[in-house]
Amino acid sequence: MTALERPDHFALPRKQDADDIGGENNKVRYHYELQVEPESDSLCRILNLFALQCLLPHGVQMQQHADLLRVDIAIDGLSWHRAQLIAEKMRNLICVCEVVLRTALLNSESRGKIQQRF
Numbered sequence: 002m003t004a005l006e007r008p009d010h011f012a013l014p015r016k017q018d019a020d021d022i023g024g025e026n027n028k029v030r031y032h033y034e035l036q037v038e039p040e041s042d043s044l045c046r047i048l049n050l051f052a053l054q055c056l057l058p059h060g061v062q063m064q065q066h067a068d069l070l071r072v073d074i075a076i077d078g079l080s081w082h083r084a085q086l087i088a089e090k091m092r093n094l095i096c097v098c099e100v101v102l103r104t105a106l107l108n109s110e111s112r113g114k115i116q117q118r119f
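Heads up, the sequence shown is in the working numbering, so the first residue is 2 and it goes up one at a time.
Hints may contain errors.
As the list claims (entries may be wrong) - Each computed DMTMM-like pair below joins lysine to aspartate or glutamate, with the alpha-carbon atoms no more than 20 Å apart:
hint : residue 1 : residue 2
1    : Lys90     : Asp73
2    : Lys90     : Glu40
3    : Lys90     : Glu38
4    : Lys90     : Asp42
5    : Lys90     : Glu34
If you're looking for bench data, these hints aren't it; they were derived computationally from the structure.
Build the full structure now, drawing on both the sequences and the hints.
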């Protein structure tokens, strides 16, 4: 039997989901630090990016500093690719001035706990 006669020759290669690559999903917590214009719907627009993907952040803090809002969001269970994609979507929002994405490794005791301060 030649390679062309094999039934699996024309089968499409299986693509891996971007969230499966790396296996770090449960070991990393992502922190989004945003500078946002102080509009009444700014926080809603930002959190909607998570809600549209059925994601629930572990922590959200917002503080007003002079003429900007500082928003800190912590979430784990994401792949690096998805975290970067969400950060890019945040940058595309008209009310967002700056987005910084940071990572933190989780140890076994801190998984699933809500951090009070990040």
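Going through the earlier hints one by one, which of them does the structure break, listed in rising order?
none
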